[in-house]
Structure formats: structure tokens, C-alpha cells
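**Student:** First to last, the protein sequences are chains A and B. For what it's worth, the working numbering labels the leading residue of the first sequence as 1, then goes sequentially. For what it's worth, the working numbering labels the leading residue of the second sequence as 1, then goes sequentially.
Note that these hints are calculated values from the structure, not bench results.
In the DMTMM-like style, the derived pairs of lysine to aspartate or glutamate whose C-alpha atoms are separated by at most 25 Å in a straight line are:
hint, chain 1, residue 1, chain 2, residue 2
1, B, 29, A, 301
2, A, 487, A, 293
3, B, 29, A, 445
4, A, 185, A, 232
Derived list of chain A stretches under chain B, where covered just means 3 residues or more per stretch with a C-beta under 8 Å from a C-beta of chain B:
hint, region
5, 265-279
6, 328-340
7, 360-373
8, 421-433
Simulated DEER-style distance windows between Cβ atoms:
hint, chain 1, residue 1, chain 2, residue 2, range
9, B, 26, A, 136, 53 to 63 Å
10, B, 54, A, 51, 50 to 60 Å
11, A, 228, B, 58, 22 to 32 Å
12, A, 67, B, 19, 48 to 58 Å
13, A, 490, B, 58, 47 to 57 Å
The beta carbon of each residue, even a glycine, is placed where N, CA and C say it ideally should be.
The primary structure of each chain is shown beneath.
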Amino acid sequence: MEINNDIQELEKRKTKALKMGGEQKVALQHQRGYLSVRERIDLLLDSNSFFELGALAHSDVPGMEEKTPADGKIGGFGKIDDRPVAISANDVTVLAGSGGRIGHKKAIRVIEFAIDKGFPLINLGEAGGARIPDIQGSDGMSSMTISNRVGFRLRKIPMVATIAGECFGDPSWMAAMADFVVQVKGSCMAVSGPRVLEIATNEKVTNEELGGWKLHAETTGQVDRTAEDEEDCFKLVREFLSYLPSNSNEVAEVAAPDNDAILRQERLLTILPERSNQSYDICRLIKTIVDNEEIFELKPDFAPAVVTTLARIDGKSVGIIANQPSRFAGAMGPEGCDKCISFLCLCDSFNIPLIFLHDTPGFFVGKAAEEKKMPGKIMNFIQALSLVTVPKISIVVRKSYGMANCNMCGADMGADFFFAWPSADISFMGPEVAANVMVGPENLDNKDSIEMKKAIMEELKRVSTPWRAAGLFYLDDVIRPDETRDKIIKSLELTQLKNQGKSEHLLANWPTVF
Amino acid sequence: MPGKIVNVLVQVGDKVTRETEVLIHEAMKMENTIFADCEGIVSDIKVKVGDSVEASQSLIILG
Numbered sequence: 001m002e003i004n005n006d007i008q009e010l011e012k013r014k015t016k017a018l019k020m021g022g023e024q025k026v027a028l029q030h031q032r033g034y035l036s037v038r039e040r041i042d043l044l045l046d047s048n049s050f051f052e053l054g055a056l057a058h059s060d061v062p063g064m065e066e067k068t069p070a071d072g073k074i075g076g077f078g079k080i081d082d083r084p085v086a087i088s089a090n091d092v093t094v095l096a097g098s099g100g101r102i103g104h105k106k107a108i109r110v111i112e113f114a115i116d117k118g119f120p121l122i123n124l125g126e127a128g129g130a131r132i133p134d135i136q137g138s139d140g141m142s143s144m145t146i147s148n149r150v151g152f153r154l155r156k157i158p159m160v161a162t163i164a165g166e167c168f169g170d171p172s173w174m175a176a177m178a179d180f181v182v183q184v185k186g187s188c189m190a191v192s193g194p195r196v197l198e199i200a201t202n203e204k205v206t207n208e209e210l211g212g213w214k215l216h217a218e219t220t221g222q223v224d225r226t227a228e229d230e231e232d233c234f235k236l237v238r239e240f241l242s243y244l245p246s247n248s249n250e251v252a253e254v255a256a257p258d259n260d261a262i263l264r265q266e267r268l269l270t271i272l273p274e275r276s277n278q279s280y281d282i283c284r285l286i287k288t289i290v291d292n293e294e295i296f297e298l299k300p301d302f303a304p305a306v307v308t309t310l311a312r313i314d315g316k317s318v319g320i321i322a323n324q325p326s327r328f329a330g331a332m333g334p335e336g337c338d339k340c341i342s343f344l345c346l347c348d349s350f351n352i353p354l355i356f357l358h359d360t361p362g363f364f365v366g367k368a369a370e371e372k373k374m375p376g377k378i379m380n381f382i383q384a385l386s387l388v389t390v391p392k393i394s395i396v397v398r399k400s401y402g403m404a405n406c407n408m409c410g411a412d413m414g415a416d417f418f419f420a421w422p423s424a425d426i427s428f429m430g431p432e433v434a435a436n437v438m439v440g441p442e443n444l445d446n447k448d449s450i451e452m453k454k455a456i457m458e459e460l461k462r463v464s465t466p467w468r469a470a471g472l473f474y475l476d477d478v479i480r481p482d483e484t485r486d487k488i489i490k491s492l493e494l495t496q497l498k499n500q501g502k503s504e505h506l507l508a509n510w511p512t513v514f
Numbered sequence: 001m002p003g004k005i006v007n008v009l010v011q012v013g014d015k016v017t018r019e020t021e022v023l024i025h026e027a028m029k030m031e032n033t034i035f036a037d038c039e040g041i042v043s044d045i046k047v048k049v050g051d052s053v054e055a056s057q058s059l060i061i062l063g
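Using the sequences plus the hints, can you model the full thing?
**Tutor:** Structural data, given as C-alpha cells:
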């Protein structure tokens, strides 16, 4: 019967598409230690939830139809924790994952659909860039621009990008626009690969040097997390999305609260070291306060003097910006400012309230910081902060000096609530540095000056305690460390009452990389 | 980061791991603990208490 023949033809075509670039290419991919794109999608999504579009698509270049299953780009929808997501993924087994016109058209279709309907987009990257010769020539180039529609996103939906294998061109562009990027160890993310560079500029460089995980995790900050392998990578993606709403019009789902959290709050009474110049791990303090002692740090190895982390308090997603005294004294440099700005953009765009925990001796100063435009970075941070319209709760744990006090959302910086622990030490600069300035460097060795400096330091220490700021109502309150969590819960209730504390999204078009 | 060495916690011949605290360095009036970069045996200590140090300077050589 004719109908059966038609169905057989459909099955034949679908089966061919599912085989991707063919058994040999898939086996090669496995040999290299990587999954095929369809295995990736299965591992990432809830089981049997993939709803594919364009499986039967192929290249529009005559003669290439059979060699380009799905045109090397898998697109569609699926679910993660039962919530819809959109997937756009490179198939490296089809002409090295190079981008063709039809594959590009499929990707744009999925991206625009996800933005329009309001759910996260996940780009699974592994590709060598645009397909040659398809993109060559004035017609080729004009037919395959990235498209203005790709650049126009306004952070309406969370966008995630994963980097596995070699990623040049398309997957790197997608990662640069994403809210969350995971790079698998051993992979490379760059504009062009070593083979192109060797011919174009004679530069000899390895994948690791050009775009390895260490470079991006520690130096460029262009990836948010590094994964040991692909399984770890997809686990991180699922975990990240659990803290976010599906789109900018929603707030994140409220998880079950942690009823045992109250029992560990007394730890906070002894969490600070004895001497004020001793360091400690701020993550221990954060974990004590948040649900299940769980944090999800972004860019943990980039600018580690400041911690930017997602967490939950009483089941609600929160974003925490905290100085890290155990790394670089907790003094943020230019990269630290960039890290904070990107986190402000993420939280503000997806209606996640922000909590600031101050313990910083000030910004990192000196020649190295100035060479990287320190004043500009600090003020970019201030401008971004002034555009944040999600609830903001600011708490001074210990030191909060100078301009860093302003950037960490000090007095009159827009916090909905501004609290301090009794241990707070708020001033323009540390007492010793300030006393040196007041005595004058030329007098430092003179005996009278030493006495004078001591007296000045004592007085400066006294006035840096939180009591003066509380007395003049710069601080809303001075709180016991062990009531921090409770104060945050109550502050969130008050700030999220109207409109669930949703943002006005004034940071929606702030650049994603800067 | 630039700063001053305030304590040296190892001696030549000591065995260290990535968890070993080797130096206390002070910058921005804050103490910063410096850990060994890798496992090994201390073969040379290039700094002493009170020394000013720069970023990227070698402090301790592991053999």
C-alpha cells in the first residue's frame, strides 16, 4: 500500500538522521573521549523529552544533501526537571560541525521560539566554525551573517552554553552571549583554531594556550564553571537552571525550605578569627546562612577576592556577592569588578534578590590595577549597581573601607536593608594607613609622632565601629550574627511582597562580556 | 599581589603538599596565607620575615 511506503520512507530518513555523520565518525568521537551530540542531548534532558525540529534538514549545496544529516545542527525542545528548555547543538560528526546555511536557519528558529515563548536556551557547542566553501564569496558571506536577530536578546531568557571538544566560531559566539558557560576540561574555546592561525599569522599555539579551561576559568573569566567531563558538565547546567526562572517575567520556583538551618546559626557567633587582620573562608559563613549549606558559585577561580554565588534562603533563590578575605585579602581588582557586574546583570534580569556581605580592606590599588582601567571598572560597577531593581540586602560582617564600601552597597547606595554585625569596621581606610597619612610620612620615625600615631589609630578604631553609623541611622540596624538568616528571610518577605520583587530589567542590555 | 612577608612556616628539607601553609604574606593590612603550589620538598627559601615582595616573585623553591 502506498501509505506504508510513505511511512517507510519517513522511517528510513529519520533513522539516517539519527545516525548523524555515520558510525565511523561517531566511533571516532567516542575514541576522543566525547559523546555524540544526540547522547549529549539525552544526558542533559529529562528522559524521552526531546522534541526535535529539522531532523530531515540538510545542506542547500547541491550534491551535499546525503553528507549533511540535520545539516550538522540539532535543534528542538525538551525538559529539565519538568520545565521546558530549548536546545541548539552542533554535530561535530557532520563535516566537523561546521555551520551551514540550513543549520544556521534551524538555530535561529529555536532561539527565537525560546525567547518568544519564554524558556531557557542551551547551546551545546563543539564546532569548527562556518562551513567552507558555503560561506565563501559575496553571496556566501551575505547569506550567512550571524544575523541581527541572534544579537538581540535583552536577557529575556536564561542562556546557557557548553564547550566540549574544539569550539571555534559559532559555539564561542554563543558562549560569549550566554549567562552561564561550562567548559569541559581538555576542550578549547576561541575565535579560530591553531591550524588557521598558523597560516594567517604564523602564530604557533596549542589549543590549551589558545582557549583551554585554565585560561578561561582563571584569566579571561569567560567561562563560569569548569567540568571534569560531559556528565559533570550537564549536571552543572541542570543545577544552574534550578536557581533560575524560565524567563525574565517569572521568579524562580521556591524549593522546600531547610528547617535545620536554624540549628547551625550559632556557628556564626565564633566564625570570625580573633584578630582583624586574619583571613578566613567567607564561603563557610555563607554556607551557614543558606539552605542545606549549598552554594553554586559562578566564576570561582576568576577574581577569587570576591565570591559571586547563587544559593537558596528559605527555599527562595538569592544571589550573594561576598568579599573573600582568604584570597587577595578580599581586595577586588578590575577583574573582580567585571565579575560583580556580570552577576548583577544575571540576578537583576532574572528577578533574583541580591545579598551583599562586606569584608574588604578596599579595592586592590597599584600600578597593575591602574593599567587595567581601575577607576573605569569601579564606576562601571557603581553604574550597574544603580540600575539594579531587584531587592538588595547589604550586611557588613567586618571590614568595609572606602570606595569598596560604596560598591558593596553601603549607605545611600540603594539597599532595601542595610545591616551590620557588631564586629563591623566601616571607614574610609584602615586605621594604620589613615594615621600614617595624618602624621605625614616624613615624621613616621620621630618619637612624638609615633605616640601621636598610636593615639590617632585608637581614635580611628573607635569611630569605625558600627555604633556611630547606627546612631545616625545610616544603618537600619546592628544585628547579632546568629540572626542574620532570620533578618534576610524577613527582609525578603517585605521586599518581594509587591510584584514578587520583580526587576524593571534596566540591565537587560548591558554587555555580556566587557 | 605585592606585600610583606610576615611569617615563614617551613624550613629547607620540609615535605609539603598543596594543603601546606608555607608563608604568611601581608597586603592591604590583611594576612594572606600562601599554600604550596604542588607536592615536593623545600629546597630553597628565597625570602625572610620583613621582606617586601612583588607579584609573580619566586618565594620558595620546591625540589
